[in-house]
Structures are given as structure tokens and as C-alpha cells.
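Given the structure of chain W, go ahead and fit chain B onto it with the hints provided.
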Amino acid sequence: MAVDLTSAGVPEPDTHDLVRPRARLRAGWVGSFRASTRGMIGLGLLALIVLACLVGPVLSAHDPQVVDPVARLAPPSGSHWLGTDQFGRDVLTRMLDGGRASLLVAAAVTTISVVIGAFLGLISAMYAKVDGPVMRFLDALMAFPSVLLAIALMARLGPSIGNVIAALSLVAIPGFARLVRSSALVVKSTPYMELARVLDLRLPTLMVRYLLANSMSPLILAATFGAASVILAEAALSFLGAGLPTSVPTWGSMLNDGQTYLRNAWWLAVAPGAILSLLLLSLNMIGDALRDAFDPRSERI
Amino acid sequence: MTDAVLTVRELRVRTRGDAPLALVDGVDIDVGLGETVALVGESGSGKTMAARSVLRLLPANVELTAGGLSAVGTDVLAADGPALRGLRGGRVGMIFQDPMANFNPVLPVGRQVTEPVRIRQRMSKRAGDKLAAEVLGHVGIPDPERRCREYPHQFSGGMLQRAMIAMALVNRPSLVIADEPTTALDATLQVKIVKLLRLLQSEINAGILVITHDLGLVAELADRASVMYAGRIMETGRVGELFARPLHPYTRALLDSRPEGRTGADVRAIPGEPATPATRPGGCAFHPRCRLRVERPAADQARCVDEVPVLRLVALPGTTGTTGSTPSSSLAACHFATEMLTVGHLAQPRADHVPPDPDSAPVVTVAGVSKRFVTKSAWSGRRTGVTQAVDDVSFTLGHGESLGLVGESGSGKSTLGRMMVRLIEPDTGGITVHAQDASPVTGQQFRRTVQWVHQDPYGSLNPKMTIRRLITEVLARYRLASGSRAARVTELLGLVGLPPDLAERYPHQLSGGQRQRVAIARALAVEPRVLVLDEPLSALDVSIQAQVITLLRRLRADLGLSYVLISHDLNVVRTICDRVAVMCEGRLVEVGTVDDIYDRPQHPYTKTLLSAMLNVDPEDRAVPASPVTSTARS
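Sequence order for the protein chains is W and B. Reminder that position 184 of the first sequence reads as 184 in full-length UniProt numbering, one-by-one numbering, no gaps. Reminder that position 383 of the second sequence reads as 383 in full-length UniProt numbering, one-by-one numbering, no gaps.
Hints were generated in silico from the structure; no laboratory data involved. It cannot be assumed that every hint is accurate.
[To be verified] With a straight-line Cα cutoff of 20 Å, these simulated EDC-like cross-link-like pairs (lysine to aspartate or glutamate) come out:
| # | chain 1 | residue 1 | chain 2 | residue 2 |
| --- | --- | --- | --- | --- |
| 1 | W | Lys188 | B | Glu473 |
| 2 | W | Lys188 | W | Asp200 |
| 3 | W | Lys188 | B | Glu585 |
| 4 | W | Lys188 | B | Asp456 |
| 5 | B | Lys376 | B | Asp392 |
| 6 | B | Lys376 | W | Asp131 |
| 7 | B | Lys607 | B | Glu585 |
| 8 | B | Lys607 | B | Asp186 |
| 9 | B | Lys607 | B | Asp617 |
| 10 | B | Lys195 | B | Asp179 |
| 11 | W | Lys188 | W | Asp257 |
| 12 | B | Lys130 | B | Glu150 |
| 13 | B | Lys607 | B | Asp595 |
| 14 | W | Lys129 | B | Glu425 |
So here's chain W without its partners, still in its complex pose:
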């Protein structure tokens, strides 16, 4: 039985019936983030910390500022859950109260420096003419030790929460700008960027949907680590007396106070250290989940 394959009519390659429907269609990065157990645990932990800092001091029986010389350096007990400090102030209340300033500074500095840094990085990558001057200026900023630069700024501006945010943001901007610039330069040389130029897509599209969207992963990671280091930098400023007014407790200043008494009153340093670790853990979990959510390729099939 002869079969003439040359006349077998398969008109046009037809891929329709061989394409398998994907089991789950993505519902944007929000849906993808919510599907991540790790991300949701991190978010829950962060919410818990923020809530405790907002509500805790109000509910507490103690005032973070009231001095009680009799109960000096008391170990954790029923009345002082995390003990007292060298002036007899309740450590738990101070820790939760201090979290307000620390969290506010960390959130504000990270947001401001990421936004400005990303913008500077993007325009530097996009325009060769802007690149040189902007990058040299940022290099000059980076050449100063960051704490020294922040101290100098604080000395000029005077102690207030707004000035701390401004000084630390300025110090953090160059790092984010360099990071975004280097990933954006890689993206710029990809075939899809060249095609976008041939299609003459508009500048905002190129900057946001192409350069920024494809530089998100390292930026998110750097931002979560950045938020943690901001808290420590603020602590260093407070320790040197160039940060927030000494009357405002922060995790950083509590850590610094605590290290003096580390031998005989360990709880002074352990309490703010522990909550700082928890915060970092939650931020890293959120950061990882966000990075995966922004990258469609990481989706499990």
C-alpha cells in the first residue's frame, strides 16, 4: 500500500492543539506575593512589630521616660518584663516606644534614597551626557566615610528627626544610584531594548517598564538590607550625640547604652538587639518574596 506523503494535505503548521493551557494564570505581582508563604510570614511579623510599637507604649503601665532609682538595673520580672535600665526605666516600654522613631527613620530613609537613587541611576544609564557629572558627584559623596558625612550634616542642620532622615538619605543615595545604573546598563544592551528603540517606544515606557522593571530584583534586595543598616547608622549617630535628641529613645541608642552594662545587665542590649533581628528577618523574607513576585520566571509551574 503506497502512501504519497507529498500530497498529504497538512496546509499550515498548526501549533494550536499542541499548546497546553497553563494551569494557573498569574494575577500580577500582588497575587504572586500573596501566594508566597515566606513573604506572608515576613509581612505578618513586620505588622506585629509595627503594631506593638504603636500600641505597646500606650498600654504599658510604665512611662518610657520616668526614672526610678530604686529599681535600677532590675532583671526581667513580673513588673518589668524585660527588666530596667541604669536609671530604672522599663526596658520593654522604652523598646516599643523607641521603635517608633527607629521604624520611621528606617522607612523614610529607605523610601527616599531608593526613589532618588533609582531615578539618578536610570537617567545616568539612559543619557551618556548626564552620566559623567551625576556619577562623579555621587562618587564624591561616597568618598566620605558615611557616618562622618552624616555627622557633618547633622552638625550643620541641628538635631531633629527630619534632619536625621535627610542626612542618612543623602548618604544612602549613591549606593542605590550605582546599583540601578549598573543593572540598567546591562538591560540597555539587551535585544529587547534595541527593539524598543526600533519601535520608538516612549521614554517613560523605556525607563519604567524596561529599565526599572528589569532592575528590580537587586534593588529590592539592597533596599531590605539598606533598611536594616539605616537603623544601625541612626544608632551610631545617636551614640555620637549627632542623632536624634537624647530624650527620644531609639533601638540604636538603647543598644549603645546597653553595651556598657553587658556584663551585669545583659537584657539592656539583648532586648533591642532581638527586636532588631526580628525586624531584619521579616524584611529579608519580604524582600525575597517581592523579588520572586517581580520576576515572572521564578513562578513554579
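Okay, now just chain B, sitting in the frame of chain W:
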């Protein structure tokens, strides 16, 4: 076979885990001394996994089982660390696909080439350098004393591939495994590498296992070949018989889908995508794409779906048992392999494309275009070199015409393509694009007239956007189809043969062929008159190449497009183009109709390019078998 250097029986490679995928599913391979055996297949066929199993060079997440696996007298399955190291780089040499990625950039090439020797025997630095120069000279690298001290980035791709071959052969192995040894190279270089491999093989009489997707290379180099599909061998036999009388429908379909520049025979695409281990259908893995099956009665068709065909010797009609006059050495895994013998060979004439009127109004006029690139030292800013990429090139592209731009890498054809889409500006000369009324097109209208398809389908779509958004953003940019954009996306996808539900996917969820179709759909969204296609098929599987060729021809007929097809593959150019322009070192050396260029080439460079074209006729090799090898085998 007494002089076997590689014997593989019932090789299976599976992924570990709860739902294992069979990457290689019961494969037998035999390689004798002095023999060249090819494993041919498309992506996902498991050919590379099978070859890497020979040296147990497998990723950690797969497991290997086999009924028997012996290489150069060593039982690979039972071998311990020292025994395996003795094989790797010692009695078994390996040649990898991408020489750039397989050399350490911070060590001199000479030292790396002799490393397989130096780690096995003590050798003075002087003796090592002498050996390096000797082996590099032997593989045809000029001035080897100097070049063996140079670093990989100072070598060209072809020279580095020669060095890799030298490294694989420096211990005079009995078995060489070559994984896509010519894929990253230009056609003319491919021929040179094939020539070198044949020559060296005749010297050391090694067995070669070559892994490739290129049927031309198989015909050129191999004595026997096994065709793999979805982890199984579909057909195995002597190359001459395999190509002259394929017994498996898949082999036949592969041969038919390969553009054949020499004869100008038409391509015939295999429908669908190649099956991968994850998508392998039951029964015969090839049955959803099989042409032979659709001609069979229903009972036979069901058999293809239900029963896995075994690889068996095909009894030829008219012969009984083994006493027949034409004994076949081919084994095929097809229930109806004997039917294949009665199937006529596909020698379809070129499709019904009518070449455009040569006097039609031009859409693009390229007049005296030149472009030079100046390389500057990053340190001092001084000029370190000047490359004349394109040198005084002029031609016109007529309405509805397809022009092939061919040449080796570095000939300036891609630079010319980039100037045509205004990614870069020419230094002198001008490129004029004409509107329907012959007036020159400027500004935004230019972008709507000339569009570009990039060679890399994996990199040409923004990975963060769905296919729908990728197409919609183009429509939005030019305020096209406002109000009915969803319908227009569906229409454009349909135009390139993709289903509408694909619009919600991300690029990484598509195959290479599907991505290239999306890239074409995006270019078509602006309703251009001219497409500049920069190597649009080079990253695709053979069967998918034929699909895209068919698509490009249909689009040209339906939409009245003109193409500039940039390619180093002369076989592909002939199936699509009306005229061919040959570029060499930035200059246009010859322009003519397809028939003139292929049948009556004038310029010596064109003749060189044509002679380097690998075709699938093993009787007509670009590199004739050297007398040494043929006597050794007979």
C-alpha cells in the same frame, strides 16, 4: 564488534524526585575505533544528556541507569573517581559547543590546551610550552609559538574551536565526544573544522561520537547516525541509507523540513512543537506530528497512540528474512516503517511565489553607505583601531521583493541591517525609504514603514511583560486600533499562527519558535512595508525553521511585505529570497537573482561561500573523505 570504544545499552536518564521525567529512555549507542557516529535530534531530544552520560558528566538532579555502559574498556557505571578522571580528558576527549565559554579567560590558551597532559605526567615549563606550540600548530593555528602564550579573548571563534579540538586530542584519546562542534561557527569555518576533525581522526584512529542538530554536519562527517526524539532513538543506520531511504517518518520529516540551497527544493514544515520529556505523548512520541499516521486506517492510528514502537530491523518488501538482495542496516522505531519505503521522495518545486517586477518602484534605496567603528583605549582615550564595518554599499529593495544579505560574521551585514532600521547612523551615504507615492519617509512614519526582527528570540521580548502587553504597548504607542486592541492582538497572533490564549503568557513560558512568532507579530503591529530580518532562524530547531520560513512566505504574499533577510545560511536564503547580495569585509561583492548567485556565481568569495554550504547528500561532501580513513574502515 571487537574494536568497540563505546558500548551503551539501555541507557536511561531520569530526573530525581516524586515525578521523574525520562530525559533519555532506553538508548543504545555503539562506536567503533576509527568510526564517526552521530546523535541527531532537536532541542529536548536528550542527545546531549545521552552523550554526557558516557563520562557521567551529568547534573546532580538526574540519575543514570543503564544495562551496560563501557567506554574504552572501562565500565563507566562501576568506575570510581580515579578511573573516571583517567577517562575524562585522557582516553576520552570532549569538544564542547561554545569555545568562548569553555576556556578560562585568565589563563593562556597554550597552558589550557596541554593541561590534560600536564596533570597526568610531570613536565617542565619549557617542555609544556613546546608541546603547546606543537599541538596548536598541528590543528592549523598560525604562529603557534606566539599564540600559545595568548589569552582566549585574543583568539577568534574558529581558532578557539581549533584549540579546543587540540585540547581534546592532546592525549591521543580512543574516543572523542563532540557536542555541537560547529554550531557556533560560520559556514566556511564549519567546513574547515570538519576537515580538521576528519584529518585528526585518521591520524589517531579514534572513534568520534558527535552530537548535533545539523543534518548537514551529519551527512558531512558521520558514518552512522541515530536520530533521537523525546529521549528515544527513532532510527539508526548508516548515514548514506538513512538519508537516501529514511525508514522513520520523523527522519523523513526532518530531511524534508531542511532548506536545501543547492537544489532549491522547497521546505515542508513539521506541524507542532518538538516533544520534550515533559510533554512526551504516550505511544510513539512522534505520533501527534506524524504525516504517515494520518494516512493510516483508524486501527493503525490507535496503535500509534497506544503502543510504544520498538527499535527493530526493518524487513524490506521483496526480501524474505536475511537472505534478501538488499539487506537493510537501518533500525527504525515505527510500527509502519515498511510503508516508508513506498513513499515518494519530496522534491517539491519552489512555492508559487511570483518574483516581483524588477522595475517596480523601490521601497528602500541604499546609496553609498559607509560606517566605521573607532575603538578607543579606555585609559588614554586614544584611537587603538578603526574597523570599516560597511564600505560604500549601494542597492535598492523593490516593492514586494525579498533580498538576502549573506556573508560571514564580520562582513558588515548586521551593521547594514542596523543602519536600515536606524539603530545606528551611517557615516556617509544615505538610506532612503519610500512611501507608496515614492516620496521619502521621515520621522515617526519611518518606524511604521521599516521594522526589525532580531536573531535572538529568547532576548528580544521584555521578560517582565505578558505577550498581550508587549503587543498592546506597540499599538498604544502609535494610537492604533484604539477601542479594539484586544481584538487586534488576537488578530495579530492569528496572523503568525498562534492561539489567542497565548496572549496572557510571559515570554519565558513560550518555546523559541513561538517567541520568534511573537516578535514578528509585534513588528507587524505597526503595519510596516519592510521587515529587516536579522538571522531570524539561526536559534531555532530544524523543524521550527521550516515553520517560520513558511510563515514568512505567507505573510509576504498576504501583506505585500518586502524583506531584507540577513543570514549566513545560504540554504535558508534560497528558500525565501528573490535576490541575493553577498557581503565581504564591508563591501558588496556580488548582487544577483537567486538562480544567478547559486548556479552561476561570479565572485570567488561567493563561490567559497557556496562550496561551504553543507547539504544532506552524503555522497556529495564538501570535504571529501580522506583516503586514510576510508581504507582504515574498509
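Mind checking the alpha carbons of Lys129/W and Glu425/B for me, to see if they're no more than 20 Å apart? Given pair Lys129/W, Glu425/B holds - Cα atoms ~19 Å apart, limit 20 Å.
Check the hint pairing Lys188/W with Asp257/W against an upper bound of 20 Å on the C-alpha distance. Violated: Lys188/W and Asp257/W sit about 49 Å apart, past 20 Å.
Are the Cα atoms of Lys188/W and Asp456/B separated by 20 Å or less? holds (15 Å)
Given hint Glu585/B paired with Lys607/B - CA-CA distance at most 20 Å: With Cα atoms ~16 Å apart, Lys607/B and Glu585/B stay inside 20 Å; holds.
Starting from Lys607/B, check that the Cα of Asp186/B is at most 20 Å away, please. Holds: Lys607/B and Asp186/B sit about 15 Å apart, inside 20 Å.
Hinted pair Lys607/B and Asp617/B, Cα distance within 20 Å: Given pair Lys607/B, Asp617/B holds - Cα atoms ~19 Å apart, limit 20 Å.
Between Lys188/W and Glu473/B, does the CA-CA distance stay at or below 20 Å? holds (18 Å)
Please work out if Lys195/B and Asp179/B have their alpha carbons no farther apart than 20 Å. holds (17 Å)
Can the restraint linking Lys376/B and Asp392/B be considered satisfied, given a maximum Cα separation of 20 Å? Outside the cut-off at roughly 24 Å; violated.
When you check the alpha-carbon spacing of Lys376/B and Asp131/W, does it fall within 20 Å? Given pair Lys376/B, Asp131/W holds - Cα atoms ~19 Å apart, limit 20 Å.
Take the C-alpha atoms of Lys188/W and Glu585/B, compute the straight-line distance between them, and say whether it is at most 20 Å. violated (28 Å)
Is the hinted pair Lys130/B and Glu150/B satisfied, with a Cα-Cα distance of at most 20 Å? holds (14 Å)
Of the hints listed earlier, those the structure fails to meet are numbers 3, 5 and 11, in rising order.
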